[in-house]
Structures are given as structure tokens and as C-alpha cells.
Amino acid sequence: MKLNLIIGLLIVLLLGGAALIGAAWTPYHPMQLDMLNRLAPPSFGHWLGTDEFGRDVLSRLMAGATTSIAIAVTTVLMAVSAGMIIGLVSGSVRGWTDRGLMAVTDALLAFPGILLALALIVILGAGRTGIILALSLAYLPAVIRIVRSAVLSIREKEYVEASQVIGNSQAYTMFVHILPNCLAPISVMATSMFGWVILAESALSFLGLGVAPPAPTWGNMLSASQPYFERALWLSLAPGACIALALLATNLIGDALRDRFDPRRLQA
Amino acid sequence: MATYLARRLSMMLLTLSLVAVTVFVLVRLVPGDSASLMLGEAGSLEQLAILRARWGLDQPWPIQFLYWIKGLLSGDFGVSTRTGEPVLALILARFQVSAVIVLAAMTIAVLVAVPVGLYAAWKQNSWADLAVVSVATLLLSIPSFWLGLLLLVVFGLKLSWLPILGYVGFGEDFSRALSFVILPVATLALIEIGVLVRMARASAIEVLRLEYVTHARAKGMPEWRVLAFHVFPNAFAPTLTLIGLILGNLLGGIAVLETVFTLPGMGRLLVESIFARDYPVVQGCLLLTGVIFVLINLIVDMLYPIFDPRVARA
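Those sequence lines, one after another, are chains S and A. My numbering numbers the first residue of the first sequence as 1 and each following residue consecutively. My numbering numbers the first residue of the second sequence as 1001 and each following residue consecutively.
If we strip away everything but chain A, and leave its shape as in the complex, we get (with noise of 0.2 Å):
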């Protein structure tokens, strides 16, 4: 076990390090520096040569990237070129916002769809599971901006049960907060259920016809127990790993649903601050939802031992 952890560790910062390149090197692609865009048209050339100076722009990639990650380490994500708030604040104000959405939404999801594909699976090639299924796939294809806008549409306009625009945080007023937030998580919720259903259906039969769940029927077993015992741990650690790249897709997605829900979260920030040519705060938000996959990816690895203790073994 502890091997695993350390293989796995050295592992998440090497790929911490590439992911750090790779935001580096993508806003450095982007035509136009940070200097030469906030200056504008207006901007002397001489003024454009001290904000360069200032900022290390005219310094070459490696040491602008040294810079970058010294900063980095010592919590210094730059400043906003559109606000000037320091990106790290900014970000990570809205990023409640969508964390909260996300989490809600897949903890949710988890508890409703894991049930639902073991019984569905139980029950293979019933009617149920042929309900079950293609209840799934066509929640598995909608668009989640689509359900948003026809969510809104029925609790927000014609029963008026839900508020429209806006939000408040939690920390404010608790049951507002909670008004606003119901619609965009029921959205996520409705649509990771369809996915997670599938999975845990399909991993579940799997486990369903292998030797020792007849073992465990054969002497006398509940079912219930076998289900809960036998079945689900081992059907389960495929859909945990599922679970972690649904989380980093999420986040990746969000900006979207929080666009039809006028939701301050980070994808929003993410849109307007490319659409500003805020590049410091748009390489703050790439770094900081790669970071948070890669997190998620080792935190699901971290777990995957606890369903299937032969992975730590290999």
C-alpha cells in the first residue's frame, strides 16, 4: 500500500508539472500580451517597455515561466488586467459557487444512480431494466443548457415556484441561496444520473456472473446481503473512477450552465474574462480546474483500494 501511494504521488506532480507547462506555453500562444492589451491603442511605446519590464514580459519563456511558478508557490496568481483584484481572490470566490453546484449536484446523482443500476441489473432484461435504460440514454443526451432553460421555463415561469436571475451566497441568507441554486444542481444531477446508471448497471452485471456471488447464493445467502456485500463493492470501483472524470468534466463544462442561470461561479468568470482578454485571471482558471482534475483523479485512485484492494497489491 504505501508504495502505491508513493507511486501514485510522485505521479500527480509530474502531471501537476506538465499541466503547469501547458497552461503556461497555451496563454503565451495567445496573440497579443497582457502589456500591449491593456495599454490599448492609446499606449505609448515606451509606456508598453516599462509594463513589459514590470510584469517580466520581456524576459524570455523559461525565466517568465520560473517567475510564474516562484509566484505561484507563494500565492501570487498575478492581478487582474480588467479589475485589478488579485486573480487568486477573484477565482477562488467564485469557485465556491460552482464547487458547491458540482458537488451537490454529484453527491445526489451517486446516491440515486448506484441503487437504481444495481436493481437494474438484478433485474436484467426485465421491463424495469428496459425502462430503467433508456430512461438513462435520453437523459444521457440532453444537452444540460437545454433541460436548464426548460427547467426554468416550468418552475421558474409557469409555476413561478423559483427564482429566475440572480444569487445569493449561503453564507447570507441561507434558504435564498438554496432557491437559486435547486434548479442549475436538479439540471447536473438529472443529467449524471443518466450517465452513472449505465455504468454501475454494466459494472454490476459483470460482477453479477462471476463464481463467487453463485458461491454466495449457493449457501444460503440473503440476496440482500449478497447485493450489498458481494455485488455493490465490486461493481462500484468502475463507477468511482467514472465519478472522478465526471467531476473534472463538470467543472470544465459549468460555464455553460451558469451562463442560462446567470450564476457568478468560475466558468462564467472564465467566459468573461476571455471575452475581456483578462488573460492573467483566464490562466488562473485553466491552472486551477487542471490542478483540481488532477487532485480528484489521485483522491478516486486513493480510494479505488478500498473496493478492490488488488490494485494497491500490483
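The following block holds chain S by itself, in its conformation from the complex (with noise of 0.2 Å):
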């Protein structure tokens, strides 16, 4: 199933294409108001129409492609960064300091992911900086607990004993031994992680506790263009397309990464 993955890098090519062209130039400025030009329908001079203050919707897209991609990347590094150090480390000493650790981690893991981001939101507060910190907080868990497992049946691996055997220190063995051979279920998880980040970050801007209007995300159009879908319905057509093209991108990836890297699934 090779489409999958060719339809999927497809859509990223889109989306990333638009979010970067969109962090330096938009056909208007995403913030431009033209009250003459209100719930103005697509058009050539407004592709995908204008919203409720006459500003072009696929300039606000664009600049929300920007602002949604930003946040989905920085807390994906930052949650799987952290999470590998934190996985491995718990992995790899063992005693005390793993059972404190996976205490923590068990307790957070009892909590649906976009249910502790929304707590964690009211302890950091709205806007950019606290989505970013709170879904990475969200969603570290998981990424330690992945990240322990698989350093746990790497760890009895021969090569590893072999490392330990001629000398080199535990920390040597951790990172050039152990840390490379775990990066496949971590990137599986990464790319599922984006999707998740994505869909959290447009969930919480919709329910007015992401980033603030007027800058725009897909999320908070979205959320803005409720009262309008009797009149202009492709205000809420956009931002939502754009939402299930990123998740749909990242499943399909998932799907193509998991083929690759469990030849049980391939096979099957």
C-alpha cells in the first residue's frame, strides 16, 4: 500500500507548502477589515470568500496553517524529546528511580490526553505558550511509557550486554546502543502525535481557550464562523477541511510507517 503513503506526503507537501509560504506572504493580510466587503462569497478576488469583518478567508488560513503546523511541530519535539531522555533513563537504571517515574506516568495516563491539556491550560493560561506547554505535558506519558518498553526489551538484547561486557559506560551503551534501535516506535508515535496535536490545538482555540483572535487558527475560525453557517457556510467548510486534510495526512503516514517498520503487520 504505497498510495497511502504518496497521498499523505501529498497533503503534507499542501498544507506545509501553504503554512510556509503563508509565514511570509498572504494574498491580504490576515487581519486586513473591509467592512464594505462582509460574508462576501469566493470570488476571484477572494478565493475562498471573506468572513464576518470583510478579511479574506484563505489569507487567515494560511496564517492558521502557520500558527496550527508551529504548535503541532515545537510540542511534538518538545514531548518526544523529553520523553525519550525521560524513557530511556527510567528504562535503563531501573529501581527507585523508575518506579517514581512510571508512578507519575501511570497517574497522568489515567486522564483522557485533551482532558489534562485542558487543566494544564488553566494552570499555564490560554494563548500560544500554554498550548504548546500543556499538550506536550499531555502527551508526554505516552511517549515515555513507548519509549520505556521498547528500551526494556532492547536492553536483554545481546549487543547491548556486548557494550557492557568491553567496558563502555552505561551512558555510552544508552545512547549509541539502546537509543538508535527504539527510534522506529518512537517515529510511529511522533507521526500519530502530530494528528492528535493538531485536532487538541483546534479543539481547545474552538472552545475559545487556545489562541486568541484575532490572529487566526483553524481552530478559531472555525469557532467564529458558528453564527454565519446560514449565510456563509464556507467560513466553517475551510478551517474544518484543513483540520481532517492534516489528520487524514497523518494516518495515512502512520499506516505507511507501521507497515514499514512491524513485517509482522506487512505480512499479515
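Quick caveat, the hints were computed from the structure, so don't treat them as lab data.
Derived CB-CB ranges, DEER-like:
{"id": "1", "chain 1": "S", "residue 1": "Q164", "chain 2": "A", "residue 2": "T1241", "range": "34 to 40 Å"}
{"id": "2", "chain 1": "A", "residue 1": "P1031", "chain 2": "S", "residue 2": "A24", "range": "34 to 40 Å"}
{"id": "3", "chain 1": "A", "residue 1": "L1210", "chain 2": "S", "residue 2": "A24", "range": "51 to 57 Å"}
{"id": "4", "chain 1": "A", "residue 1": "S1126", "chain 2": "S", "residue 2": "A241", "range": "27 to 33 Å"}
{"id": "5", "chain 1": "S", "residue 1": "G16", "chain 2": "A", "residue 2": "V1112", "range": "30 to 36 Å"}
{"id": "6", "chain 1": "A", "residue 1": "L1210", "chain 2": "S", "residue 2": "A162", "range": "32 to 38 Å"}
{"id": "7", "chain 1": "S", "residue 1": "Y172", "chain 2": "A", "residue 2": "K1070", "range": "48 to 54 Å"}
{"id": "8", "chain 1": "A", "residue 1": "P1031", "chain 2": "S", "residue 2": "K2", "range": "48 to 54 Å"}
{"id": "9", "chain 1": "A", "residue 1": "I1063", "chain 2": "S", "residue 2": "A171", "range": "38 to 44 Å"}
{"id": "10", "chain 1": "A", "residue 1": "L1210", "chain 2": "S", "residue 2": "V104", "range": "36 to 42 Å"}
Each computed DMTMM-like pair below joins lysine to aspartate or glutamate, with the alpha-carbon atoms no more than 25 Å apart:
{"id": "11", "chain 1": "S", "residue 1": "K2", "chain 2": "A", "residue 2": "E1206"}
{"id": "12", "chain 1": "S", "residue 1": "K2", "chain 2": "A", "residue 2": "D1129"}
{"id": "13", "chain 1": "A", "residue 1": "K1070", "chain 2": "S", "residue 2": "D106"}
{"id": "14", "chain 1": "A", "residue 1": "K1123", "chain 2": "S", "residue 2": "D259"}
The C-beta atom is built at its ideal place from N, Cα and C for all residues, glycine as well.
Each chain sits in its own coordinate frame; assemble them with the hints.
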């Protein structure tokens, strides 16, 4: 099923490209008001129409893509790198450190990720930094779990024993022999996490707990479109479609990676 | 089996205490305590001190925690700083709405997804299989709040079959209550069908390759019996675990759906309380969701041996 990967990558190219261009240039300024052109349907001047303040929807979608994707990438990088180090240490050192860390991880895993993020947002405050920190912390326990279980199975391998026998330090064995062999499950996890974060960020922005308007994100655009869906359906269609496309891409790429790294499934 | 149950129950008690500690710490980390938030700028230092003493906020954290736990065990979850109502009664009334929607959606999703997933696995690599997998992947990629909005536009606005705003309890007017929950239930069910079909299909494919399936076929057992009695129970066990996880996540993420459909559920209550800084209610909602998540996992683990008896013997 190579088709999965191709479609997934094409969507990434489309959305990622829009986000990159959106960081530097948009057809109109995403926050430029134009009260004479409120709720205008799609046309040559405004390809995706305008919103309740006459702002160009395409420009806002592009700026929103920049924000949403930047938040998701930062969050995944933070959660995965922190989770990798904690999981690696926990799985390699064992003993009380491991037990303590696992108790905290289990306590946090007892809550659905989005709920934990919601609680953390209350503590950290809404907005860009708050969202990134809250979502990284909310999804950190899952990363720790995956890395730790990979480490536990790899540390029993002969090459790890060999590395210890020839006198390599524990840190050297950990980073040079154990870590590279955990990368497959981590990359599958990171891909799905990208999707969860995009969804969680748009859900939080939709609830008004994310990035505050007038700065556009897909989630707050969708939320703002609600009162107008009778008169201006395009306002709701465009941002929702972007979120759905981003999720579809991560699901397709995640499937392809899983097939690649799990030979048992490939045979099936 | 008895040792399995005992082990599982003692683990649950441990997790429950961890959940309580986590909720307690999370709420204490919020800047500003309930007393200063309730009094606002107008409160004098004496009033603040009186209120803090009354709610035990002047005590050290461990003492506060013990008081809180003692209250919880006697059903006292505190009072809402916004309305003065007892938190437990407030949450339970709203929880019913969320629970009805989540459970109805999950039941429908399981009833549809498991047979379809099994069929796709049986017809693996056919056009039917490809179609099932593609539709499922599309469905699970749609955000619930967007799908909900689209269904509202089509069935509420364009066709006017169903109401757009409001809610009536099932006790008051059953058929009207039904008309308000059809769309939210359909939204969640459609998305979860996507998730569950893929899971059911993947586990059925693994089971179909096992020797006892070949053996059952070789001895001339009709294909439907092979699927119903040999493939289904073994393929269903991993799906059951996933159902537990999804139920918890649905409850955690229901706030957005309730916002779209203006339903007075627990998710909506949580978000309203966050905006109103009504922390006793926020604390109660978090605790209840955590406890339910733990209980769902317990139920799943209790049911698991029915489908896979090896688990209990280990």
C-alpha cells in the first residue's frame, strides 16, 4: 500500500507549503478589516470568500496553517525529546527512579490526553505558549511509556550486553546502542501525535482556550464561523477541511510507517 | 481467576489514589485560590482570612488533601463558587447528558464496526476491503466538531428535519429529547466507526492466519461458524481494550461536541466553570472523569478473560 504514503505526503506538501508561504506572504493581510465586503462568497478577488469582518479567508487559512503547524511541530519535538530522555533513563536505570517515574506517568495516563491538556491550560494560561506546554505535558506520559517499553526489550539483547562487557559506560551504551533501536516505534508515535496535537489545538481554540482572536488558527476560525453558517457556509467548510486533511495525512503516513516498521503486520 | 481479580482490584485502588493526588495538585497549582477569586478586588484581608479558614485553605497541602478526601468519601465534593450549589449534584445532573450520548454512540459504533471490520478482513485485499479501509480512514480523520457542524447544516438547516438548538431531558419528553441527541450521537458514532473498523479488521486478519482457523475449515466447518465462533471472539479482545480507551477519550473530548450542539453536558460544564474560575466544579469534573476512566479500564480488564481466558491464568 504505497498509495497511502504518496497521498499522505502530497497533503503534507500542500499544507506545509501553504504554512511556509503563509509565514512570509498572504494574498491579503490576515487581519485586514474590510467592512464593505463582509461575508462575501468566494470570487476571483477572494478565492475562499471573506469573513464577518471582511477579512480574506484564504489569507487567514494560510496564516492559521503557519500557527497550527508551528504549534504542533514544537509540541511534538518537546514531548518526544523529553519523553525519549526520561523513558531511556527510566528503562535503563531501573530501581526506585524507574518506579517513581512510572507512578507519576501512570497517574497522568489515567486522564484522557485532551482533558489533561485542558486542566494544564487553566494553570498555564491560554495562548500559544500555554497550549504548547500544556499539550507537550499532556502527551509526555504516553511517549515515556512507549520509549521505556522499547528500552526494556532492547536492553536484553546481546549487543547491549556485549557493549557492557567491553567496558562502555552506561551512558554510552544508552545513547549509542539502545536509543537508535527505539527510533522506529518513536517515529510511528510522533506521527500520530502530530495529528492528536493538531486536533487538540483546534479543539482548544474552538472552545476559546487556545490562541486568542484576531490572530487566526483553524480552530478559532471554525468557532467564529458558527453564527454565520446559514449565510456563509464557506467560513465553516474551509478551516474544518484543513484540520481534516492534516489528520488524514498523519493517519496515512502513520499507517505506512507502521507497515514499514512492523513486519508482522506487513505480511498480514 | 480470583488472583487475577484481586490483583486487578488492588491496582485499581492504587491508580484511584494517584488520580486523586493528581487532581488535587493540578487544582492547587492554579494561580489564586477560591477565596480570593470569590471575593475579588472588593474583599478585605479579614474577609479573605475568614473564608480561607472556613474552607481550610490556610492549612498545609497534605492536611487540605486529607480533608478533601474525607469529604469525598462522604459525598461532599464542596460547593460551586459560582452558584453555591453542591458540586456533586451539579455534575451528576450534567453527566447524564454526556453519558447518554457517549454510550449510545459507542453501542452503535461497535454494532456496525465489528461486523464490517470482520467482513473486510475476510475479503482482505479485495475492492470491498479497500473501500472499507478508505472510508474508515476518512471518517476517523474528521474532527467531531466539524462533522457535527456539517450535519447540523444539512439536517437542521437545509432539510429542517431536526432542531438546531436546545435540549430536553429524556424524562420530560422522550421523542423531543431523542430529536436533540440524534445528531451528536450520529457524529460521534460515525467517527468511532472509523477507528473501530480498522482495529477489528487488523485483529481479524491476524486471527484468520492462525492454524486453528485452517483446522476448523479443513474439518469442513461452515465458513459462518468459523467466523462467528473462532475468529470473532479472538479478534474482539484487542478491540475491547480500544473501546475502553475511546470511551475515556470521548468523555474527555465531549466539551467541543456539546458546544456545537449547545447541550448541557459535563464537558460544557467543565468549560463554563473554567471560564468562571469555579475551581471546585473544575476539580470535581476532572476527578469524576479520571475515576470513570479508571473504572472503564477495570471493566474492560474484567471482561477480557471472557474472550481470551489465557489472560486470567497468567
